[in-house]
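Protein chains in written order, with the UniProt record's numbering: chain B, 1 to 185; chain F, 1 to 294.
There could be a bad hint or two in this list.
[To be verified] Keeping only pairs whose Cα atoms sit at most 20 Å apart, straight-line, the calculated PhoX-like set for lysine-lysine is: (1) 189/F - 90/B; (2) 67/B - 282/F; (3) 189/F - 67/B; (4) 190/F - 276/F; (5) 67/B - 284/F; (6) 284/F - 68/B; (7) 282/F - 68/B; (8) 189/F - 68/B; (9) 68/B - 149/F; (10) 157/B - 132/B; (11) 286/F - 189/F; (12) 237/F - 226/F; (13) 186/F - 132/F; (14) 55/B - 286/F; (15) 55/B - 44/B; (16) 157/B - 176/B; (17) 282/F - 58/B; (18) 284/F - 58/B; (19) 276/F - 67/B; (20) 286/F - 58/B; (21) 101/B - 132/B.
[To be verified] Listed next, the stretches of chain F that the computed footprint assigns to chain B, with coverage defined by at least 3 CB atoms under 8 Å from CB atoms of chain B: (22) 12-19; (23) 126-135; (24) 141-153; (25) 187-201; (26) 256-267; (27) 281-288.
Calculated directly from the structure, the hints in this document are not laboratory data. Here a beta-carbon is modelled for each residue, glycine too, at the ideal position from N, C-alpha and C.
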Amino acid sequence: MATVWRSQCTFTRILSGKTCRILNNAADLGSKLSPTSQSVTSRKYSNYAHSPLVKHIKEQYEFEVVKKPPEWTYVQRLLPFDTIPQVTPKESYPSGWIPPKDEAKNLPFFIERTRNHELPIYLDITFRGMRKVSAIRKIEGDIWLMNDEVKEYLKNKYCRYVETRVHELGGFIEVKGDFVNALRW
Amino acid sequence: MGSRQITEKSLAMLRSLPRISLANLRDNPGAKKNTKRGRGQHGGDKHGAGNKGSGQRMNYMRLGYETGNNPFYLRMPHEPYYKGHHLRRQYPPLSLHALQSLIDKNCVDVTIPIDISTLVKSGFYNFFPDQKHFGVNLTDEGADIFAAKINIEVQWASEQVIAAVERNGGVITTAYYDPHSLFLLKDPKKFFQSGQAIPRRMIPPPDAIEYYTSAENRGYLADPEKISQERLKLSQKYGYTLPNLENEPQYTMLCERKDPRQIFYGLEPGWVVNLKDECILKPKDKELQDFYAS
Numbered sequence: 001m002a003t004v005w006r007s008q009c010t011f012t013r014i015l016s017g018k019t020c021r022i023l024n025n026a027a028d029l030g031s032k033l034s035p036t037s038q039s040v041t042s043r044k045y046s047n048y049a050h051s052p053l054v055k056h057i058k059e060q061y062e063f064e065v066v067k068k069p070p071e072w073t074y075v076q077r078l079l080p081f082d083t084i085p086q087v088t089p090k091e092s093y094p095s096g097w098i099p100p101k102d103e104a105k106n107l108p109f110f111i112e113r114t115r116n117h118e119l120p121i122y123l124d125i126t127f128r129g130m131r132k133v134s135a136i137r138k139i140e141g142d143i144w145l146m147n148d149e150v151k152e153y154l155k156n157k158y159c160r161y162v163e164t165r166v167h168e169l170g171g172f173i174e175v176k177g178d179f180v181n182a183l184r185w
Numbered sequence: 001m002g003s004r005q006i007t008e009k010s011l012a013m014l015r016s017l018p019r020i021s022l023a024n025l026r027d028n029p030g031a032k033k034n035t036k037r038g039r040g041q042h043g044g045d046k047h048g049a050g051n052k053g054s055g056q057r058m059n060y061m062r063l064g065y066e067t068g069n070n071p072f073y074l075r076m077p078h079e080p081y082y083k084g085h086h087l088r089r090q091y092p093p094l095s096l097h098a099l100q101s102l103i104d105k106n107c108v109d110v111t112i113p114i115d116i117s118t119l120v121k122s123g124f125y126n127f128f129p130d131q132k133h134f135g136v137n138l139t140d141e142g143a144d145i146f147a148a149k150i151n152i153e154v155q156w157a158s159e160q161v162i163a164a165v166e167r168n169g170g171v172i173t174t175a176y177y178d179p180h181s182l183f184l185l186k187d188p189k190k191f192f193q194s195g196q197a198i199p200r201r202m203i204p205p206p207d208a209i210e211y212y213t214s215a216e217n218r219g220y221l222a223d224p225e226k227i228s229q230e231r232l233k234l235s236q237k238y239g240y241t242l243p244n245l246e247n248e249p250q251y252t253m254l255c256e257r258k259d260p261r262q263i264f265y266g267l268e269p270g271w272v273v274n275l276k277d278e279c280i281l282k283p284k285d286k287e288l289q290d291f292y293a294s
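The shape of chain B in the complex, shown without the other chains:
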């Protein structure tokens, strides 16, 4: 008989625990309740049975609302850029990045920078690494003159003929082989 009574007690205990989880549902719980609210800070009990029942949980907490506080600068610096930042002129660029020069605008051909302020020179590897093609993109002006100069430069540097392909409308030159580093500097 005692065991039955005990199991009934556990049953009610589990049930009451469950109902208590539902917020502010404390009214229909009966004797085991106390008016003090349950803390959100957790504490470890050695046994689940020793832990107190879940009681009234606070739904609303008091908050101080501060409009445009001094800490707002910390929030602003976390938000993403609207646009890619412009580069301000500096005395030196230790990373080896070279800023675009003003006198380049008067030359017969001109290569525009990418949106990330880099040179548009790329390497395309296809056919499982069998074909490597270096491409110079965003060329404006006399592309054929540039093609001659690129050919001459690479021929002098590597002492061999290099094959190029000029796309006048697309404004790019493709060089057969990996010459990205040679073309960049």
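Fit chain F to the given chain B structure using the hints.
Below, chain F alone, put in the same frame as chain B:
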């Protein structure tokens, strides 16, 4: 027939022919590719795939497979150097050279402390907390050219990197973030828009505590006095004069550190940031304040 005749004949033909217009233009031969693959008499056969085997079925053998032989990579006994590698913490690298180029291109502001959210914001670094990435490993490539005075917080740094940053009068800290905090740091705007309170940063797991409490690694849990001793030691080891931090004009910026429980600079755990109304909600309840301070 000489070439001159050919030229003259072609020119004569051109004169008699109609002008180029949309009506008589056509694609270059081979410019259009038929998407259909003919069967039988309509160009059937092998379609350029050869006779039988890998060419037709595209079942290229997996790497190391030797068509039934005991493969080379299995002939030797197993030596598990990399056991559990898929469970270890990973730190995707960023070199000092890459960081310097970010600074040169104004993608990273050196007048404020740099942490992983700044690096992700620059758009040139990314990591995935759900793939066991626990932050940035600052590597020593370009340590010689590095010339920026910064206050940077990374998750992993070698001795050379620490020396390179401190040689220029900068400050470096290694700090641990649990994956949940890293999600917030990766995209703070998304988190602020969700309207949740900023959580607490968790303490490092047992095997990482040693790293983040040691002054040699400039751990965020190390004793500041020991760190200043180690700074001096490292300067003597690498042979540079350590600039005096107190005399710097950016002293306050260089001394700015996060609390071990803090995720964002200047924002405390428990605060709710409202981006729309530009206000911050700070909890006043004693209970909440205790929770976020614990």
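Hint check:
1. 189/F - 90/B: violated, 31 Å
2. 67/B - 282/F: holds, 11 Å
3. 189/F - 67/B: The hint holds at about 18 Å.
4. 190/F - 276/F: holds, 13 Å
5. 67/B - 284/F: holds, 16 Å
6. 284/F - 68/B: This hinted pair holds, its Cα atoms lying about 18 Å apart.
7. 282/F - 68/B: holds, 13 Å
8. 189/F - 68/B: Answer holds: residue 189/F to residue 68/B is near 17 Å, not above 20 Å.
9. 68/B - 149/F: violated, 31 Å
10. 157/B - 132/B: Holds, at about 18 Å.
11. 286/F - 189/F: violated, 28 Å
12. 237/F - 226/F: Holds, at roughly 16 Å.
13. 186/F - 132/F: Cα-Cα ~14 Å, so holds.
14. 55/B - 286/F: Distance of about 18 Å is within 20 Å: holds.
15. 55/B - 44/B: Holds, at about 17 Å.
16. 157/B - 176/B: The given pair, whose Cα atoms are some 15 Å apart, holds under the 20 Å limit.
17. 282/F - 58/B: holds, 17 Å
18. 284/F - 58/B: holds, 14 Å
19. 276/F - 67/B: holds, 11 Å
20. 286/F - 58/B: Distance ~13 Å between residue 286/F and residue 58/B Cα, so the pair holds.
21. 101/B - 132/B: Distance of about 30 Å is beyond 20 Å: violated.
22. 12-19: Violated - the stretch 12-19 of chain F has 0 residues with a Cβ nearer than 8 Å to chain B, which falls short of three.
23. 126-135: As far as the stretch 126-135 of chain F goes, the hint is violated, because 0 residues have Cβ atoms under 8 Å from chain B.
24. 141-153: Held - the stretch 141-153 of chain F has 5 residues with a Cβ nearer than 8 Å to chain B, which meets the minimum of three.
25. 187-201: holds (count 3)
26. 256-267: Coverage by chain B holds for the stretch 256-267 of chain F (4 residues, Cβ < 8 Å).
27. 281-288: holds (count 7)
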